[in-house]
Amino acid sequence: MSVRTTTLSLLAATMLAGTAQAEDKVFVGHLVDYTGPTAFVGKSYGPGVADALKYVNANGGIGGTVIEFETVDYAYKVPDAIANYKRWKDKGMVAMQGWGTGDTEALISFVARDEVPVYSASYSAHLTDPTGANPSTKKPAPYNFFYGASYSDSCRALAKWAAEDAKTKGIKDPIFLHTGDNHPYPNAPKKACGEYAAELGMTVANPVVVPLKPGDFKAQCLTIKESGAQYVFMGNLGGSIVSLLKSCGTVGVKANYMGNVWAGDYKTVESSEAEKIIFPSSTPFYGQDVPGMKTVEAILKGGSGEAGEKPTHHYIRGICSAFYMKEAMDWAKANGGITGANIKKGMYAKKDWVPAGLEGVCLPSSWSEKDHRGLMTVAINQGSFDNGKVMIERIAESTLPRREDWLGQ
Amino acid sequence: MGHVPNPRPAGDFRTSYIRDNALFKTGFEGKTALGIVLALIIAAPFLSNYVLSQLIVISIYSIAALGLNILVGVTGQISLGHGAFFGFGAFASAWIVSSFGIPALLAIPLAGLLTTAVGMIFGVPAARIKGLYLAIATLASQFILEDFFARADWFSGGVYGALAARPTFFGFTFDTDLSYFYLVLFWTVVSIVAITNLLRSRDGRALVAVRDHYLSAEIMGVNLTKYRILSFGISSFFAGLAGALFAHYLEFVSVEGFTILLSIQFLAMIIIGGLGSVYGTILGAIFVLLLPQVMEGATTSAADLFPALAAGKAYIKEMSVGAAIILFLIFEPEGLIHRWRVIRASWKLFPFAR
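Protein chains in written order, with numbering that gives the first Met the number 0: chain A, 0 to 408; chain B, 0 to 353.
In short, the hints are calculated from the structure, not lab data. These numbers come from a predicted model, not from an experiment. Even glycine gets a Cβ: it sits at the ideal position worked out from N, Cα and C. Wrong hints could be hidden among the right ones.
[Claimed, not checked] Cβ-Cβ distance ranges computed for the label pairs, FRET-style:
hint, chain 1, residue 1, chain 2, residue 2, range
1, A, A297, B, R338, 55 to 61 Å
2, A, K217, B, S97, 57 to 63 Å
3, B, D303, A, N334, 51 to 57 Å
4, B, D303, A, A297, 26 to 32 Å
5, B, G296, A, S367, 21 to 27 Å
6, A, K349, B, D303, 54 to 60 Å
[What the hints assert, rightly or not] Pairs of lysine-lysine residues, derived as DSBU-like cross-links and limited to a Cα-Cα distance of at most 35 Å, are as follows:
hint, chain 1, residue 1, chain 2, residue 2
7, B, K30, A, K309
8, A, K300, B, K312
9, A, K24, B, K316
10, A, K212, B, K30
11, B, K24, A, K85
12, B, K316, A, K53
13, B, K129, A, K309
14, A, K300, B, K316
15, A, K53, A, K245
16, A, K171, A, K159
17, A, K53, B, K312
18, A, K166, A, K253
19, B, K129, A, K85
20, A, K266, B, K129
21, B, K129, A, K76
22, A, K76, A, K189
23, A, K76, A, K88
24, A, K90, A, K171
25, A, K212, B, K316
26, A, K88, B, K312
27, A, K90, B, K129
28, A, K309, A, K137
29, A, K245, B, K312
30, A, K88, A, K168
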């Protein structure tokens, strides 16, 4: 009898231990672009997320739970992203670290149905209206999050800066122009930003289509020159920006070039030999003196080394994206278990919060059930290549109002 | 075709015209085909999701490649725009469902019909030009359609793509891979039977005549223009049908999925499988779709042994399909199906096999 009881209890114990071990892991899918058209910045951001998750696991995980993650290079192809998403869903994915605008927007209804929070590297404003409160919202996106100002909001901040700049320089009729590929990512802020620029009293010229893949863009530059635009917004990134700046330099376009958050980093400035390119950022740059930079250095040291010795600010945003997810998972674990729905609630638990250890690195952000615009603050930087050295300085910082009509647009 | 002995047993001569035209050349062939379909139906519930998804994709691509084989293998034309027709079917089905509320099960063949119309329009140049010139003309259809997908917001949702929900049938939704596999299998069988059937009809023989010697065909009374354009139509129908099945499988259609690379992949399937052969096409689809995955496994284990290879893993994987095509053109110009026929003949002739 006693032998039997012992065996039974042993069996039960092993079984319990077995289930406990099974619960000790949660699966997170991680999409990256290392070989596609956005690889220029993907190679910085992707390792940021992966290194941060590695660091989290090395430092106790989510209260003991290991984050199991799989990094897949989908080369910016939407169908591949969807196929991977479905595969991961079958593996019991609780959250996803996503990448591009095309795939993230395509997945909106899938992740809402399956309750999988997605932390995208796409900052498209279409992902910020979780309930469809704004009548102009096409698709509510309840399970989409990202760290940083939306493309539309950063473009608005740039338009605001441009309007003020024009006033100080005494330009009477400033002209604003959007360039970018016919692709969800460059298109995301096109309408919203143009409307705001018009609201600020600028003339909005016809947008110019510039391919996302690098090439010879002299024809496009001639169009820009003809439009007479002083403020050119570039919706693309990486090689395309470099090509555009070089082609327009040859053609002799005199304009202020402004990019979105992916368009500007020291690598782009260096290879394009840019002169005063304006770009926003939502983190400090690597090596800046803020308390949380120590954690970033530790993550880089323990990481795969793919981001290089001196990572760009995209790497740091990747870390922030992973850590906001991590803290939401912490909350979920304490409040009913790490499930997609609980992680989503975890994102709403605090106001104006920064993940522990990253003070000064990630800026205080708030998400609420009705508003997924985490960050409204945009820092504006100016980068120049001067005598073989890259100079980047912060020239302005603005916090935009949370306007109702801007939600999701 | 290289010389392959007759697959029929000794003494089994075809004595009537009807038997000469049978759907399956031997009883064994018919039984095997039926056996494979039955085995798939019975085995499907026990297969893992991964295997099922592979089977679904292979079946869908086979349908599209079968269509291309009618055009290239049977009629001797060329198309570099098959991927775009596949895409057209995908968008068309999503559009039919979302704009007219027609159930997806019906929208799938309807999308095939719409693609037929589009294919016939783009096939018109075939009436006048052939060979390399036709290849370039069909290349235009690839780019025109791709650009159309990216700009026609009303039809394709533009660059944002379109949603294509899984089909439902009286409250039953094909939302699992298993149920969807049965739907795809049904269409695959229908397509195979339809094409095998076509090849033994008057029209099928006319298509072959156009390929083998168009001048003789014309003298014999075959209307070249009609059959060339018809061939484009038939091939587009299967491309559209497969595209629609693909759309409802992925549940989302994106412009990016239907580039020239897809067209070339379809060509690779029929060249590797065997031009003009129905079963060869299926073998080719299996080969082209599984090769990258086999190479992935092979390169992963090779990378474990030689860490220097790790960086080039993706490159080696991508290259393998190209290398396979070159090797096939050199060593097996008549495709996998020819190798299979030779193997089969050697069994029959054992111990006198080569």
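Hints and how they fare:
1. The hint said 55 to 61 Å for the Cβ distance between A297 (chain A) and R338 (chain B), and at roughly 58 Å that hint holds.
2. In this structure, K217 (chain A) and S97 (chain B) break the distance hint of 57 to 63 Å, their C-beta atoms being roughly 41 Å apart.
3. Checked against the hint of 51 to 57 Å, the C-beta distance between D303 (chain B) and N334 (chain A) comes to roughly 42 Å, which is inconsistent with it.
4. A hinted range of 26 to 32 Å for the beta carbons of D303 (chain B) and A297 (chain A) is consistent with their spacing of about 29 Å.
5. For the pair G296 (chain B) and S367 (chain A), the supplied restraint of 21 to 27 Å is violated, since their beta-carbon distance comes to about 46 Å.
6. Checked against the hint of 54 to 60 Å, the pair K349 (chain A) and D303 (chain B) fails, with Cβ atoms roughly 44 Å apart.
7. A threshold of 35 Å between alpha carbons decides the hint, and for K30 (chain B) with K309 (chain A) the separation of about 66 Å lies outside it, so the pair is violated.
8. Proximity of K300 (chain A) to K312 (chain B) is assessed by CA-CA distance (about 25 Å); at most 35 Å being required, the pair is judged to hold.
9. Under the criterion of a C-alpha separation no larger than 35 Å, the hint pairing K24 (chain A) with K316 (chain B) is consistent with the structure, at around 31 Å.
10. This hinted pair does not check out: K212 (chain A) and K30 (chain B) have alpha carbons roughly 53 Å apart, beyond 35 Å.
11. Proposed proximity of K24 (chain B) and K85 (chain A) is contradicted: the alpha carbons are some 42 Å apart, above 35 Å.
12. Simply put, K316 (chain B) and K53 (chain A) have alpha-carbon atoms about 27 Å apart, close enough for the 35 Å limit, and the pair holds.
13. A distance of roughly 57 Å separates the Cα atoms of K129 (chain B) and K309 (chain A); the hinted pair therefore is violated under the 35 Å criterion.
14. For the proposed pair K300 (chain A) and K316 (chain B), the alpha carbon gap of about 31 Å is at most 35 Å, so the pair holds.
15. Proposed proximity of K53 (chain A) and K245 (chain A) is contradicted: the alpha carbons are some 39 Å apart, above 35 Å.
16. As the CA atoms of K171 (chain A) and K159 (chain A) are separated by approximately 15 Å, the hinted pair is consistent with the 35 Å bound.
17. At roughly 23 Å between alpha-carbon atoms, K53 (chain A) and K312 (chain B) fall within 35 Å of each other, so this suggested pair holds.
18. For the proposed pair K166 (chain A) and K253 (chain A), the alpha carbon gap of about 18 Å is at most 35 Å, so the pair holds.
19. Restraint check for K129 (chain B) and K85 (chain A): the C-alpha separation of about 43 Å exceeds 35 Å, so the hint is violated.
20. The hinted pair formed by K266 (chain A) and K129 (chain B) fails the criterion: a straight-line CA distance of about 50 Å is larger than 35 Å.
21. Between the alpha carbons of K129 (chain B) and K76 (chain A) the distance comes to roughly 34 Å, so the proposed pair stays at or under 35 Å and holds.
22. Between K76 (chain A) and K189 (chain A) the CA atoms are separated by roughly 22 Å; this keeps the pair inside 35 Å, and the hint holds.
23. For the proposed pair K76 (chain A) and K88 (chain A), the alpha carbon gap of about 18 Å is at most 35 Å, so the pair holds.
24. Only pairs whose Cα atoms come within 35 Å are accepted, and K90 (chain A) paired with K171 (chain A) is rejected, the gap being roughly 59 Å.
25. A C-alpha spacing of about 23 Å is found between K212 (chain A) and K316 (chain B), which places the hinted pair at or below 35 Å, so the restraint holds.
26. Distance restraint check for K88 (chain A) and K312 (chain B): the Cα-Cα separation of roughly 26 Å lies within the 35 Å cut-off, and the hinted pair is therefore satisfied.
27. Of the supplied pair hints, the one linking K90 (chain A) and K129 (chain B) is violated, its CA atoms being roughly 50 Å apart against a limit of 35 Å.
28. For a cut-off of 35 Å, the pair hint linking K309 (chain A) to K137 (chain A) is broken: about 40 Å separates their Cα positions.
29. Taken as a hint, the K245 (chain A) and K312 (chain B) pair is honoured in the structure, with Cα atoms around 33 Å apart against an allowance of 35 Å.
30. Proximity of K88 (chain A) to K168 (chain A) is assessed by CA-CA distance (about 54 Å); at most 35 Å being required, the pair is judged violated.
The structure fails to meet hints 2, 3, 5, 6, 7, 10, 11, 13, 15, 19, 20, 24, 27, 28 and 30 from the earlier list, while all remaining hints are met.
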